[in-house]
Amino acid sequence: MKIVATGLEHYYGHEQVLRGIELSIEPGSFTAIIGESGSGKTTLLSILSTLLRPSKGDVTYDAKALSQWGSIDAFRRRHIGFVFQFHYLISYLTLRENIALAAMGEFHDQIDPLMARLGIERLGMRYSDEVSGGERQRAAIARSLINRPSVVFADEPTGNLDTKNALGVYELFREFSREDTTFIVASHDKKIADFADTIIEMEDGVVKNISKR
Amino acid sequence: MITPLKALRKNRFKTALIFISMSVSISAIFLISAISGGVVSMYSAMLKTDGDIIVTQKGIADTFFSDINRSFAEPIAKMDGVKEVSALILGAAPVEPLPIVGIYGVSEGRFNSYHLTQGRYPKRGEVLLGSKIDATLKHPSAIVLSKKTFHVSGVFKSKIGFEDGGVVMGLDDGGELFHKSTSIFLVSLNDLSKSDAVLKEIGMLGSDLEAKTTDSFIDSYNQFKIIKTSSDVIGAMAFLMGILGIVSMMSMVVNDRKGEFGIMRSIGLSPSVIIFKLLSETLIIALLAFAVAWGVSEGVLELIKHADKFQGYINGEITAILLVKVFVVSVVMALIGTLMPAIYASRIDPMSLIQKGGA
Chain A
1 MKIVATGLEH YYGHEQVLRG IELSIEPGSF TAIIGESGSG KTTLLSILST
51 LLRPSKGDVT YDAKALSQWG SIDAFRRRHI GFVFQFHYLI SYLTLRENIA
101 LAAMGEFHDQ IDPLMARLGI ERLGMRYSDE VSGGERQRAA IARSLINRPS
151 VVFADEPTGN LDTKNALGVY ELFREFSRED TTFIVASHDK KIADFADTII
201 EMEDGVVKNI SKR
Chain B
214 MITPLKALRK NRFKTALIFI SMSVSISAIF LISAISGGVV SMYSAMLKTD
264 GDIIVTQKGI ADTFFSDINR SFAEPIAKMD GVKEVSALIL GAAPVEPLPI
314 VGIYGVSEGR FNSYHLTQGR YPKRGEVLLG SKIDATLKHP SAIVLSKKTF
364 HVSGVFKSKI GFEDGGVVMG LDDGGELFHK STSIFLVSLN DLSKSDAVLK
414 EIGMLGSDLE AKTTDSFIDS YNQFKIIKTS SDVIGAMAFL MGILGIVSMM
464 SMVVNDRKGE FGIMRSIGLS PSVIIFKLLS ETLIIALLAF AVAWGVSEGV
514 LELIKHADKF QGYINGEITA ILLVKVFVVS VVMALIGTLM PAIYASRIDP
564 MSLIQKGGA
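Protein sequences appear in the order of chains A and B.
Reminder that position 49 of the first sequence reads as 49 in this note's numbering, one-by-one numbering, no gaps.
Quick note, this note's numbering runs 213 ahead of the 1-based positions in the second sequence.
Looking at chain A on its own, in the form it has when it is part of the complex (with noise of 0.2 Å):
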């Protein structure tokens, strides 16, 4: 899925966070948002994928408007996977649970193999106080991708993780854009940059750089 953002401008009361943001971003690319805190990353992160509206300007998906697609909720659903810096794993459910709670009808049978794949598959009858920290943001991973989503949006996915860990986190999204799923994810990680193809960094609400690899 193609995104394009236009003229973005952003405002949280009086203070303006995001000025003037023209971006596009490629199918099956594995885009990644750096700066500092207070950059500005999380907001555009969170307009782009759906979470926030701009004060000004326009997001598109394939050339289509929000309000094209229908409803948001169906939207997400089909066409976005989220993951957050922390797992949001429900507690009372086991990681398979929690992946089947994601997944529509039709992808219900891709759980096992999805969870293998993520390395996983042994863990799907324990919830998520059982598991390590870099298990729980797999099987945060696995639900985001189990409908086959067009996008993927992480927000600091890593930040909860230790070096080996968060790599491996990269690896993984590495992998599957290869197979066509965009990834976009904020992160004042810089060790992202050797894994993504697109880096877009941010400064006080602004695009000081787009960098190709």
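Hints were generated in silico from the structure; no laboratory data involved.
From the three backbone atoms N, C-alpha and C, an ideal C-beta is built for every residue, glycine too.
Per label pair, the in silico range of CB-to-CB distance: (1) B:K223 <-> A:H188: 29 to 37 Å; (2) A:S67 <-> B:T216: 31 to 39 Å; (3) B:M465 <-> A:K190: 37 to 45 Å; (4) B:L218 <-> A:E26: 39 to 47 Å; (5) A:A116 <-> B:V509: 50 to 58 Å; (6) B:L218 <-> A:T163: 38 to 46 Å; (7) B:M465 <-> A:D129: 15 to 23 Å; (8) B:I534 <-> A:Q68: 53 to 61 Å; (9) A:R53 <-> B:R225: 34 to 42 Å; (10) A:A116 <-> B:M465: 33 to 41 Å; (11) B:V509 <-> A:R53: 48 to 56 Å; (12) B:V460 <-> A:E179: 42 to 50 Å.
On the chain B side, residues computed to face chain A include the following (Cβ under 8 Å): (13) K219; (14) K223; (15) E473; (16) I480; (17) S483; (18) P563; (19) M564; (20) L566.
Part of the chain B face toward chain A, derived, beta carbon under 10 Å: (21) R222; (22) R478; (23) V486.
With chain A's structure known, arrange chain B on it following the hints.
Showing chain B alone in chain A's frame:
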């Protein structure tokens, strides 16, 4: 079904609080409705025994205050369609050590409506005791009423708690005790289609008489209205308290589970799915609370029925109709109490997951 049960188990403490709150409210509704219904049905059953028409003093607030001349019984008995007329004096007096006991002075023809378990029907200066009061007083051979001693001629068993815990005597003794001719006439008819004509004729006998069919009397009886209104008000309060309990507890539950509902919104589950999820959780609690409240209420009613203190006068019964009504009330209570917190949960902005963090 499994997911709501897991959610309830995970939040055990708050689930238990909602369950207790609902059980108490539903039990209160069961008990007040059963007890008030029991009082009304016992008194109604007593009046309906051999009575298609009831004749009282005109304009009295309660049958206990009614005083009519028993000589009217004869012309009423001769009216076309009338099968039998019996006079009944309704009164209450202390019988040591009980502070108040129902006393019934009845015409001789009505004695056979009391099923004797021992002894014989009373003559002048004698009384029959209901089995409940007989047991409470430890099978006395005589009792004292208004400083006058009455010998106990027999004991009867009645399903009507007011009678089983009461004293029955002849009409003349009752008249002397309460200084009245009779309280009411119970008129039974050969032909119910003639009731209108009989009512009209009785009305013409004396301006002091008021005749009604038993059903119409029961419908319009002030004491029943007071009991029913009180019961409805207390029941409504219990219902509201139940709703408030659920609303406050469910609000806390939703607040605790913000992350869960936020993630559900972010993965595209619609608000209605979240609302349904929370409603189904509370409905499960409501069903359990209903079952427990039913059991508890049956137990409490049984205890009350056998408590000497109440002399069998409080004899509540959970009928099938009451069961259905309270079941509906329980479901409605759960749905109303959960709806507002559930709507709030369904509107949780997934942005809060990014802004606040923490699961």
